[in-house]
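Colleague: Just so you know, the protein sequences line up as chains A and B, in that order. With my numbering, the residue at position 115 of the first sequence is 115, and numbering never jumps. Converting from the second sequence to my numbering requires adding 116 to each position, the first position being numbered 1.
Keep in mind that a hint or two might mislead.
[Said to hold, decoys possible] Here are the simulated DMTMM-like cross-link-like pairs (lysine to aspartate or glutamate), alpha carbons at most 20 Å apart as the crow flies:
hint: 1; chain 1: B; residue 1: Lys168; chain 2: B; residue 2: Asp200
hint: 2; chain 1: A; residue 1: Lys44; chain 2: B; residue 2: Asp200
hint: 3; chain 1: B; residue 1: Lys176; chain 2: B; residue 2: Asp210
hint: 4; chain 1: A; residue 1: Lys71; chain 2: A; residue 2: Asp56
hint: 5; chain 1: A; residue 1: Lys83; chain 2: A; residue 2: Glu14
hint: 6; chain 1: B; residue 1: Lys225; chain 2: B; residue 2: Asp200
hint: 7; chain 1: A; residue 1: Lys44; chain 2: A; residue 2: Asp86
hint: 8; chain 1: A; residue 1: Lys44; chain 2: A; residue 2: Glu68
hint: 9; chain 1: A; residue 1: Lys44; chain 2: B; residue 2: Asp118
hint: 10; chain 1: A; residue 1: Lys44; chain 2: A; residue 2: Glu14
hint: 11; chain 1: B; residue 1: Lys184; chain 2: B; residue 2: Asp210
hint: 12; chain 1: B; residue 1: Lys172; chain 2: A; residue 2: Glu104
hint: 13; chain 1: A; residue 1: Lys11; chain 2: B; residue 2: Glu158
hint: 14; chain 1: B; residue 1: Lys168; chain 2: A; residue 2: Glu104
hint: 15; chain 1: B; residue 1: Lys184; chain 2: B; residue 2: Glu158
hint: 16; chain 1: A; residue 1: Lys44; chain 2: B; residue 2: Glu124
hint: 17; chain 1: B; residue 1: Lys176; chain 2: A; residue 2: Glu104
hint: 18; chain 1: B; residue 1: Lys168; chain 2: B; residue 2: Glu179
hint: 19; chain 1: A; residue 1: Lys44; chain 2: B; residue 2: Glu158
Keep in mind that the hints were calculated from the coordinates and are not lab data.
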Amino acid sequence: EAGVAQSPRYKIIEKRQSVAFWCNPISGHATLYWYQQILGQGPKLLIQFQNNGVVDDSQLPKDRFSAERLKGVDSTLKIQPAKLEDSAVYLCASSTRKGLVSNEQFFGPGTRLTVL
Amino acid sequence: GDSVTQMEGPVTLSEEAFLTINCTYTATGYPSLFWYVQYPGEGLQLLLKATKADDKGSNKGFEATYRKETTSFHLEKGSVQVSDSAVYFCALSDYSGGYQKVTFGTGTKLQVIP
Chain A
1 EAGVAQSPRY KIIEKRQSVA FWCNPISGHA TLYWYQQILG QGPKLLIQFQ NNGVVDDSQL
61 PKDRFSAERL KGVDSTLKIQ PAKLEDSAVY LCASSTRKGL VSNEQFFGPG TRLTVL
Chain B
117 GDSVTQMEGP VTLSEEAFLT INCTYTATGY PSLFWYVQYP GEGLQLLLKA TKADDKGSNK
177 GFEATYRKET TSFHLEKGSV QVSDSAVYFC ALSDYSGGYQ KVTFGTGTKL QVIP
């Protein structure tokens, strides 16, 4: 079974530029998560999708971050414009069946973003 | 809201030493508890989990017991190896607004020296 795929693995941009990250979850997984992991901290949830609908985006800085999940499969996360404090690893994760608190999350390798 | 507190690292141990990484939590409901591990250069992966009080999760020689009375889920291993060097994250999963919500601790870096 293929895992969660993310691209690119690394990205370096100047502040005020735009950047987009792509995630392909495990086939059949209904729930998709985007996390921001700043160095030395735990993952912080940015947005959670159930199929192609958003169920939690309470911690997403909506003035600069946006995300979509077309057809309930792939997802993209965009930052426009980027700030220095956006430097972090962006993790995508997916999980199966809807609504079970015991669900395991499967993580991709992450995209390391450096904003200069 | 829900929160997870785990001991700060880094933790440095010699090979074959006993490992404990403390994790405590606060939650309003009846959460499931997880330990995830992140090896250098890789994504997070599930190490073990427990879904109700007094459950013990175990994998690869690691164990953790869901203690509701002390709201704890401490990770233990009797004899660590160099290959266990990684960052370990404690996490809880609870219901919020009708869907699963996962909260992570800050992570504890473990370094095992030969």
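Colleague: All hints are to be evaluated individually against the structure, with a verdict given for each.
Modeller: Results for each hint:
1. B:Lys168 - B:Asp200: The given pair, whose Cα atoms are some 26 Å apart, is violated under the 20 Å limit.
2. A:Lys44 - B:Asp200: Outside the cut-off at roughly 24 Å; violated.
3. B:Lys176 - B:Asp210: With a Cα-Cα distance of about 26 Å, the restraint between B:Lys176 and B:Asp210 is violated, given a limit of 20 Å.
4. A:Lys71 - A:Asp56: holds, 18 Å
5. A:Lys83 - A:Glu14: holds, 8 Å
6. B:Lys225 - B:Asp200: holds, 10 Å
7. A:Lys44 - A:Asp86: holds, 12 Å
8. A:Lys44 - A:Glu68: holds, 18 Å
9. A:Lys44 - B:Asp118: The hint holds at about 13 Å.
10. A:Lys44 - A:Glu14: Roughly 23 Å separates the two Cα atoms, so the pair is violated.
11. B:Lys184 - B:Asp210: Holds - the C-alpha atoms of B:Asp210 and B:Lys184 are around 14 Å apart, at most 20 Å.
12. B:Lys172 - A:Glu104: holds, 16 Å
13. A:Lys11 - B:Glu158: Holds: A:Lys11 and B:Glu158 sit about 17 Å apart, inside 20 Å.
14. B:Lys168 - A:Glu104: Given pair B:Lys168, A:Glu104 holds - Cα atoms ~15 Å apart, limit 20 Å.
15. B:Lys184 - B:Glu158: Given pair B:Lys184, B:Glu158 is violated - Cα atoms ~32 Å apart, limit 20 Å.
16. A:Lys44 - B:Glu124: holds, 18 Å
17. B:Lys176 - A:Glu104: holds, 17 Å
18. B:Lys168 - B:Glu179: It holds: about 15 Å lies between the C-alpha atoms, which stays within 20 Å.
19. A:Lys44 - B:Glu158: holds, 18 Å
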